Amino acid sequence: MATEYASSGEYIKHHLQNLTYGELPAGYVRHDGTVLTEATKTFAHGAEEAAAMGFWAINVDSMLVSIALGALFLFLFRLAAKKATVGVPTGLQNFVEWIIEFIDGSVRGSFSHRNALVAPLALTVFVWVFLMNAMDLIPVDWLPYAASMAGVPYLKVVPSTDPNVTFGLSLSIFALVLYYSVKMKGAGGFFSELAFQPFPKWLFPLNLVLEGVGLLAKPISLSLRLFGNMYAGEMIFILIALMFGGGWVLAAFGGVLQWAWAVFHILIITLQAFIFMTLTIVYLDMAHAEHH
Amino acid sequence: MNFNATLIGQSVTFIFFVWFSMKFVWPPIMNALEARKKQIADGLAAGDRGKHELELAAKKAADTLREAKAQAAEVIAQADKRSAQIIEEAKMAAKEEGERQLAAAQANIGQEMNRARESLREQVAALAVAGAEKILRREVNAQTHADLLGQLKAEL
Numbered sequence: 017m018a019t020e021y022a023s024s025g026e027y028i029k030h031h032l033q034n035l036t037y038g039e040l041p042a043g044y045v046r047h048d049g050t051v052l053t054e055a056t057k058t059f060a061h062g063a064e065e066a067a068a069m070g071f072w073a074i075n076v077d078s079m080l081v082s083i084a085l086g087a088l089f090l091f092l093f094r095l096a097a098k099k100a101t102v103g104v105p106t107g108l109q110n111f112v113e114w115i116i117e118f119i120d121g122s123v124r125g126s127f128s129h130r131n132a133l134v135a136p137l138a139l140t141v142f143v144w145v146f147l148m149n150a151m152d153l154i155p156v157d158w159l160p161y162a163a164s165m166a167g168v169p170y171l172k173v174v175p176s177t178d179p180n181v182t183f184g185l186s187l188s189i190f191a192l193v194l195y196y197s198v199k200m201k202g203a204g205g206f207f208s209e210l211a212f213q214p215f216p217k218w219l220f221p222l223n224l225v226l227e228g229v230g231l232l233a234k235p236i237s238l239s240l241r242l243f244g245n246m247y248a249g250e251m252i253f254i255l256i257a258l259m260f261g262g263g264w265v266l267a268a269f270g271g272v273l274q275w276a277w278a279v280f281h282i283l284i285i286t287l288q289a290f291i292f293m294t295l296t297i298v299y300l301d302m303a304h305a306e307h308h
Numbered sequence: 002m003n004f005n006a007t008l009i010g011q012s013v014t015f016i017f018f019v020w021f022s023m024k025f026v027w028p029p030i031m032n033a034l035e036a037r038k039k040q041i042a043d044g045l046a047a048g049d050r051g052k053h054e055l056e057l058a059a060k061k062a063a064d065t066l067r068e069a070k071a072q073a074a075e076v077i078a079q080a081d082k083r084s085a086q087i088i089e090e091a092k093m094a095a096k097e098e099g100e101r102q103l104a105a106a107q108a109n110i111g112q113e114m115n116r117a118r119e120s121l122r123e124q125v126a127a128l129a130v131a132g133a134e135k136i137l138r139r140e141v142n143a144q145t146h147a148d149l150l151g152q153l154k155a156e157l
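Just so you know, the sequences run in chain order A and B.
Each residue of the first sequence is one higher than the last, beginning at 17 in my numbering.
Each residue of the second sequence is one higher than the last, beginning at 2 in my numbering.
Treat the hints as calculated values from the structure; they're not laboratory data.
Some hints here could point you the wrong way.
[As the list claims (entries may be wrong)] Covered by chain B, according to a simulated footprint, are these stretches of chain A (three or more residues, beta-carbon under 8 Å):
1) 68-78
2) 88-99
3) 178-187
[Unchecked claim] Lysine-lysine pairs mimicking BS3-like chemistry, simulated, CA-CA at most 27 Å apart:
4) A:K201 - A:K234
5) A:K98 - B:K39
6) A:K98 - B:K96
7) A:K99 - B:K60
8) B:K24 - B:K38
9) B:K38 - B:K60
10) B:K39 - B:K52
11) A:K199 - A:K234
12) B:K24 - A:K99
13) B:K38 - B:K61
14) A:K98 - B:K82
15) B:K82 - B:K60
16) B:K24 - A:K199
17) B:K60 - B:K70
18) A:K29 - A:K57
19) A:K217 - A:K199
20) A:K99 - B:K70
21) A:K217 - A:K234
22) B:K82 - B:K92
This structure is a prediction, so every number in the text was calculated from the model and none was measured.
Quick reminder that beta carbons are idealized off the backbone N, C-alpha and C, glycines included.
Please model the entire structure based on the sequences and the hints provided.
See below:
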């Protein structure tokens, strides 16, 4: 399908562009040269337009796909929860219980305090991130092509390749970390943890800088790790997909590569979901722990 | 890579999903798991108890059996003793009876003998008298006399 694009660069750009809905300011020159006479709410065409929409724009594809996946997750698990019996579990319940026990084991292993929020949070993070990552396994052209047939110009189907999504997760978790840090240690305790170590108290500005960087690095590294891995994986799929336009030998080779990369990617998507979940648990555990 | 309101939308969605799973997904499944764990533990405990009880019952049964055997042996011994005693008693009684009957028979025989002797004596006397009468009637005939006497002699 790469042949439909003017160049492979455009193909890649197109695949990496979210379907962004927002307001373009008056006087903005659009991609086709038209000049807007007044502020217009529309879908962005290309990265420049998306950037021009500023903060108050929304990536419709990321939102819809992630909400659909989250709803699928909650629907299946709620179904199993409603039917949960003490007797011999079957089918769906068995599968759900398997995941729940896995999450429960991870939480027990990494989180040494009592908090009813952490386990369901870890479950949501793991399954949701896994499902969002798993969208990467759908061949890169299928859904965008189907969408373009339906008149939707852009569609990025893997929500976790959108930094808005990963930062949305990690910043929410960071908010929880701050909340529990203050709740468990008190504002003073939290501040002293940041200011009075690792160096002696009189070096507190240095401590504050060091610990502040360490604290801020948590949400940033958490989201960038997931985003970077998924973005790179998606990019490789796109590059492989480019080969399909280069004659049947290259296309066959591309097919083999895509299959191999998809198999490897199964490991990556699971691993990234697991890392995201584990770090979430660990950060919350650190937020609960009294520093010595 | 530009940030926009998707960030906020994602956070809200995420918080809602976590809330939902905390409220409606995690507790029921966890409760079911805990309940099953408890049920299995109870079942295992009941199994252990049953095994223990079985052991006790087997021990008790063995004890009862041993007791019954001992009792039976005792009963048999007693019965043997009793039967020997009864046989002994029967033998004694038979012997006594035999002796008694023998004595009675002997007494009878003696009586019969006496009675026979008595009647014989009477007959002898009667014969003697009859002989004497005949002798008296034929006194003259010495020869006859001698005959008579001879007859008497023979009859005695």
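Of the numbered hints stated earlier in the document, which are not met by this structure? 6, 7, 9, 13, 14, 15 and 20
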